[in-house]
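Residue numbers (this note's numbering), protein chains in the order written: chain B, 1 to 680; chain L, 1 to 680; chain H, 1 to 680.
Because the hints were derived from the structure by calculation, they are not lab data. Do not take every clue at face value.
Any copy will do: because identical chains look the same in the list, a pair fits if it lies in one copy or spans two.
Claimed, not checked - Restricting the straight-line Cα-Cα distance to at most 20 Å, the calculated cross-link-like pairs of lysine to aspartate or glutamate (DMTMM-like) are:
1) Lys580 / Asp653
2) Lys596 / Glu541
3) Lys202 / Glu355
4) Lys177 / Asp414
5) Lys232 / Asp261
Only a predicted model underlies this, so the values are computations on that prediction, with no experimental measurement involved.
Listed below, chain by chain, are the residues.
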Amino acid sequence: MNKFPHLLHGADYYPEQWLGRPDILRRDVGLMQEAGIDCVSLGVFAWSSLEPEEGVYTFDWMAQVIDSLYRAGIHVILATPSGARPAWLARKYPEVLRVSGSLQRAAFGGRQNHCYTSPVYREKTRRIDFELAKRFGGHPAVILWHVSNEFGGECFCPLCRAAFREWLKRKYGSLEKLNAEWYTSFWSHRYTDWDQIDPPLKTGETRVHAQTLDWKRFVTDQTLDFYREEVKTIRSTAPGVPVTTNMIGLKSNLNYCKFRDSVDVVAWDSYPLWHQGSEEDIRTAQKTAFAHDVMRSIKREPFLLMESTPGTVNWSEVSRLKRPGMHMLSSLQAVAHGSNSVQYFQWRQSRGGCEKFHSAVVDQSGESGTRIFRDVQAVGKRLAALDRAGLGETEVRPETAVLFDWENRWALRDAQGPRRIGMHYEETVRSFHRAFWELGVPADVVDMETSLDRYKLVVAPMLYLCRAGIQKKLRHFTEAGGTLLGTYWSGVVNENDLCFLGAVPAGMTDLFGIRREEIDALYDGQFNRMLVNGKLPLKPEYRVSELCELDRCEGASPLAEYGEDFYRGYPALTVHSCGKGRAYYLAARAEYAFVKDFVSYLVQQAGVRRSVNAELPHGVTANRRAGARKNFIFVQNFNPSTVKIALNAPYRDAESGSAFEKELPLAGYEVKILEETHTG
Amino acid sequence: MNKFPHLLHGADYYPEQWLGRPDILRRDVGLMQEAGIDCVSLGVFAWSSLEPEEGVYTFDWMAQVIDSLYRAGIHVILATPSGARPAWLARKYPEVLRVSGSLQRAAFGGRQNHCYTSPVYREKTRRIDFELAKRFGGHPAVILWHVSNEFGGECFCPLCRAAFREWLKRKYGSLEKLNAEWYTSFWSHRYTDWDQIDPPLKTGETRVHAQTLDWKRFVTDQTLDFYREEVKTIRSTAPGVPVTTNMIGLKSNLNYCKFRDSVDVVAWDSYPLWHQGSEEDIRTAQKTAFAHDVMRSIKREPFLLMESTPGTVNWSEVSRLKRPGMHMLSSLQAVAHGSNSVQYFQWRQSRGGCEKFHSAVVDQSGESGTRIFRDVQAVGKRLAALDRAGLGETEVRPETAVLFDWENRWALRDAQGPRRIGMHYEETVRSFHRAFWELGVPADVVDMETSLDRYKLVVAPMLYLCRAGIQKKLRHFTEAGGTLLGTYWSGVVNENDLCFLGAVPAGMTDLFGIRREEIDALYDGQFNRMLVNGKLPLKPEYRVSELCELDRCEGASPLAEYGEDFYRGYPALTVHSCGKGRAYYLAARAEYAFVKDFVSYLVQQAGVRRSVNAELPHGVTANRRAGARKNFIFVQNFNPSTVKIALNAPYRDAESGSAFEKELPLAGYEVKILEETHTG
Amino acid sequence: MNKFPHLLHGADYYPEQWLGRPDILRRDVGLMQEAGIDCVSLGVFAWSSLEPEEGVYTFDWMAQVIDSLYRAGIHVILATPSGARPAWLARKYPEVLRVSGSLQRAAFGGRQNHCYTSPVYREKTRRIDFELAKRFGGHPAVILWHVSNEFGGECFCPLCRAAFREWLKRKYGSLEKLNAEWYTSFWSHRYTDWDQIDPPLKTGETRVHAQTLDWKRFVTDQTLDFYREEVKTIRSTAPGVPVTTNMIGLKSNLNYCKFRDSVDVVAWDSYPLWHQGSEEDIRTAQKTAFAHDVMRSIKREPFLLMESTPGTVNWSEVSRLKRPGMHMLSSLQAVAHGSNSVQYFQWRQSRGGCEKFHSAVVDQSGESGTRIFRDVQAVGKRLAALDRAGLGETEVRPETAVLFDWENRWALRDAQGPRRIGMHYEETVRSFHRAFWELGVPADVVDMETSLDRYKLVVAPMLYLCRAGIQKKLRHFTEAGGTLLGTYWSGVVNENDLCFLGAVPAGMTDLFGIRREEIDALYDGQFNRMLVNGKLPLKPEYRVSELCELDRCEGASPLAEYGEDFYRGYPALTVHSCGKGRAYYLAARAEYAFVKDFVSYLVQQAGVRRSVNAELPHGVTANRRAGARKNFIFVQNFNPSTVKIALNAPYRDAESGSAFEKELPLAGYEVKILEETHTG
């Protein structure tokens, strides 16, 4: 299943910063070998070194670097340089620079900030991509193309505004349809000419939700279009090498799911901030696990950790040193969630620029004896051993999924009401994912377009915006025997944020057997109580807050009710049989203790298998990568101190071969990898 | 005294959002009757439906709606559509869009944001107003014109800047006079040509107080001028129907008192945010009471509650559901303070746009069985009964006034010193008003231009900016036997924020018999003590903070002195006889306990009558609407729980006829209306 | 050493604000004499009164004022008016107005905000300066020129951008050199034409540290160049009178050290905010003492307190009245630190403008009986007496210095890592200065360009950016017998913020005998412990936080080590012998208790003399001004209450002649001045 010759261990490499120091370039290769680096990303941001003047290409330095790396057994991930433009390009063709939402053209500077519509920028990019692919595309060192860098942001220039109008014409066909979906009868916004339409400009209209949503979709589509043009140049010039781009997880403004079919492998840059405090480490681990699962679930295949820091980042508030053990743990966490690589930003620390205090494998001292260098060496060795043991032949195959949709996320963030100080969609989704993490249950995190066929249990919180077909898909899933958990504030609007008329949750009143009457929003610090009735083996009472729906049962059975306020006695949790399955509906945002207890109950009811047959202590999780012959179970301890895990079955250490009968000990920040051989 | 055929119960109605759903439009009329709605506002923001292309008027849909409403006995308040312009208008004539203080022209979007100077916008507005008036002005359904919507904001475009210069020429006559009043010798700002003068631009000069004040005055005047042009078109085309515009209370940047003679009735939109907490409910009730009194005092006549929410608003941080009882209480609070209507925004919830989660009488389910619908029905029934009982023949007639001046408010907000973290003018005024509220004493809240003749007691806090004649007016009031309370930081600047030279409080040292030497500003958390001497039946000691004036008595008698710091022993409260009256002067910002105790003392001394003969429990107030034959007393309980009021006299329930001898019980959030028949 | 005929006691005087009130102008002279004012600053911001139309000069009013002052024995500091331009100038020549970092041209308004490059502004300034110098330069009243006012800020207009490019050409000579130092290979920023380079525009590149540093240097240089042009006009027209400009201490964006050779005397405006709380008063006193020392150390000569408030300022959050005693204390604090003047802003309170609530010697009442007026009188009397006693013949001569470099300050503020929530350079420097203040040890605060020859002890914290030669200078200082204290995060980058390669602290590993391996940044609220070993007479343990360096000793001896975390046992404080001196290195930010104890130890070890032979109570300090015949010791009590100081030697009061044998009593906010006669 690994699309590459081996599990990759590598780093971003910027030889163009050291062209005046051939001694350092020479020393780099030896140090890479010493560190166990077998793969580097080359050419990210190198445009001004590759094309110092318009049309003048200076590739020889790169050729020498690639050759010298290849001779040393180091592979190359070759980047196109479009992530940052040279100064001459910006000066000569200002159209390549972005225009802000207040219609100001940017000056030269920064990176990842070109206009994605500009024909000039596309042409200049096409030219240099073509030249690069021609020169290096067939080099045996090159195992992957890395297109541009961390796409993101938006541009409001006249070209982008015109492109947006064309996009709208394609989507809606007629102004009549657009006026209806954008609900322009509100505030006299009806358009009578396509040219009257603008993106959500800061100085114009930012509160027409359908318009804002469409703009976000357009930005993703236009960025994807730019990416695809680059891919086209590469594939037509140098076919046969896989292509990707490095993503940035949940911080992105793009809907990465749209890239699903255009990347050969998902690659992303993960930068957890460890050691903000020991309890925060566990939160950070859970957030990072969630991000890995989100990124893996785009294609539901192994992915690449394209960037991570070997030590600290410099852009965080505080650059806390990684404690001994954390570098290994953090690196293998990615692998446990499905990564077939551990790559770093960057190989050698820069002397200048705003990232000069970002850690690198080799720091400004230039020596190999540093703690970071040794940490990196250790990861290299362990990866190589796991590769030999067959880890590359495995993948993560969850039986559960959490539904997390980027368009729904956009819509909920933009929503004006019922709780403008925080609808907390992402936090809510993550609280369910956290329960799976604590139980050691692998989970996918999928959008509304993904098929649910392979799951036993699906948690679908806050389905506010229902993309076409999702209600049907959930019904089919449940009828076929699945266990479904939905929540308050579902079935509210259609794809264009236009409210459904009639009974709500729209299209799902039959599925859940309930109907929403009202929804109460609570201030921070205000609470209600959820009283669980005898039908569930949970605690008698939990706290709810933020959003409390007032539902009435129309077929469903109540499992819990509110304990306070004028809606005391209204159902707070219900269950409804639907075909062979069951649909649960949670009416209010519940405290995490409930989430954990209830998810645990659902896992058991749905017959979902946990990664390891044991109760996991606080701060510990386990992930399974399954293969044809055997499974690898990564047991990770995010506590700074030693824990012991009481086992319900014996396990063997995949690396050392040691056997654990009743107890598995883990030192602080330790990760152990267990082996599960298929019997029969 | 009611200018309309009945107490109005109505809502904003936007049939233009449902033109594609004739079934819904048909159903609306029946639902309105079911809800007891007898009046709707029509046409607010309907411009793009009324004039979809320049000069093409499509009024038939509106004609049908008006006819059908009229047939069902429902009156119409007809709006001019100038509150939001169509897209075609903005595209073709960009001058109608506002320019910000940093000189950026807005893009199309939003509402209530046109340039009020633009000749094009005035002409386009005139045209459609004329057409509307011609077509509908004589329709028997139409009982009131509603001009535009919630005027506000400011525009810095070249047209407005030129108009500002003309306004200044009219005000000052010569540059010499302007230079003197604006004190341009400071920082070399002397103007030698009118064209050198700009409004307070963000990128220019925002700290010349006289300039900023004049700009705010100009903005009010220019907005008023725009409004008057609309009124002129309507009145000349369709005479005989009263005209108003809907105001927004204290949030406005306009001095609404300037509209006094140009509106036939004051109408305003009141949106209190209930249920932030039970103690906060009482604060909210007091703030809302203050706002009602401010708005009523513009004309000192009954007003209209033009908008209110039947449930929640969507633009607040948290959309908390109205608890049972609160809708009735909140609606009748307006009536108690002098409103002859309860109108809602809006009749039917929108499907899209940024207000789609704002409550409406009919929500997106389209049903009449909802809690909100039933709450609205109940208000309708009660209003109708009160109307029959003669409430429309009564009005609020206070014997006390609090002086609150919009220009003084502007000046104090802009002031650089002595306490830039908060002069708290409005809070101070409200603390005195709160004391009246808690005592059940009706109070007007008037500006410096209003006559004080009808009052026994006037509280005039922080008369920082003295508009011409106010000192004389206060002296006449006192000499004629009135009781006056003034405070620290009075008599500081003239109308243009130019300091008075010589003794301060300027023009009032004789009135109060004191003279200010210095003023100490305190940090938050710093306090002094006010020690009350034996002449007053108050507590021996209160806390003061924020601003402590160091005065010396020149004729006044001290009633309290400071207890701490180097000005210990200086007078903190004084009294001075002046003609037949008394002028009290409070030297420091006192804690609320003092305000309550002292106002209570003054009410007694001045012989001011309270609304109900009883001590009111915490969170309860009473308002009297007085008529020729009888008075109605609204006793309102803003506590969630039951209270009992010990009565000093018997009362009869105005609705049920029940008699209360010694005790009046009120359930949580209940309002009871007592009747007082004139004997003799 | 005093360059002026006497210790100056004066105020800013704006007769142009009162030209319409000759009665007031007449009264002013008498009031000045009554107040003991012997010197006024004239003409600041008077341009529009001096040149009301282009080329038309109206100087007669000023001539009359100067004559009348001179007749009354009052000297004049004559300002050039370039601090604020007339409206006609801004309207006719918009190029004189600044352009912001987002490239928006300012509108007319404010002050101290002209473009310092504009040829027009320079020419207009030259013309009026010439006329002023011609008319008044030889007047015997004029004892000092005051050029412009509080220079500061920056301008991004095309003229400034072009000048910046020229400045860069002069600095770097070639683009190749600039590209190397700015490290433009990072993010493809390589420049191939000078015209591609911009300042750090908000919409462009603000994170290239070398570029930002160069821009700040350019801004200082260009401002200085503007100042020098004014000086040239004055000196060539009216030679013989000293010239200065008024600075604003540490709030400035300019590196004032660059003005060292261009001002004849350092003058600055000091505005401490007293009475935020009694403990805060001591902090304020220490901060103010630091600022006085910084300003004095620019030239290491007596300076002028050019502005201070006689009462409150109006621009602070809260205008707290000065408590009795504080005005004298605050004024003499400046004198104690080396000022030969006490000057006020301003003489007479303005009637309008944004500073109308700033205190003045004469307030809007126009009377002389006010508390402030009497406070000012008292300072005048005391200054005159001290002048007669010979204070003008003394100066401050410290044996210690704290190194505080403006360029290092810029670089640390701009740094992205390792602790973006606060590197706290200035706070760290001030904590060492505070220890000297508490010990009563006079200290200079010098930049990296200043010679260290005259000191016994130098504290040099956080030498992050090493300007050329500083490492050598520190080594020579130490080898020659000096005691040096350096700290963590030193020797990191060169003058252009480019990291040193190899061992760090670069160029100082031999000096300190240590080498840095890593640096750990801590979140707020996280701590480590520093365990002191037996070699030092300090407490056994102190707390460290924020930044903890992991060093290894290469020659140094550890004096303390870390007590926690994975770097427990690493050295936290070391000492290294170097020639005849000793170099201490502190590896972590230590709590103030350590700073105080350790500085106290170093003072003793280095044989540094304290101002007074006594232990000083909390909140009390002492400064010595030394003369040929005798020394004056200013003992200042910043507590509101009385303290008694136990003396180790007898002293005589310099003013009253009283003797203090064992105990020196000081009332709250009192300052006593002791005399020390040289024996021998």
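Hint check results:
For the homomeric pair Lys580 and Asp653, neither the shortest alpha-carbon distance inside one copy (40 Å) nor that between copies (61 Å) is at most 20 Å. Proximity of Lys596 and Glu541 under a CA criterion of 20 Å is satisfied intra-copy only: 14 Å inside one chain copy versus 44 Å between copies. Only between protomers do Lys202 and Glu355 lie at most 20 Å apart by alpha-carbon distance; the minimum there is 19 Å, versus 31 Å within a single protomer. In the homo-oligomer, the alpha carbons of Lys177 and Asp414 never lie at most 20 Å apart, since the shortest distance is 22 Å inside one protomer and 49 Å across protomers.
When the C-alpha separation of Lys232 and Asp261 is checked against a cutoff of 20 Å, the pair qualifies only within one copy, where the shortest distance is 14 Å, while the shortest distance between copies is 64 Å.
The structure fails hints 1, 4 (numbered hints given earlier, in ascending order).
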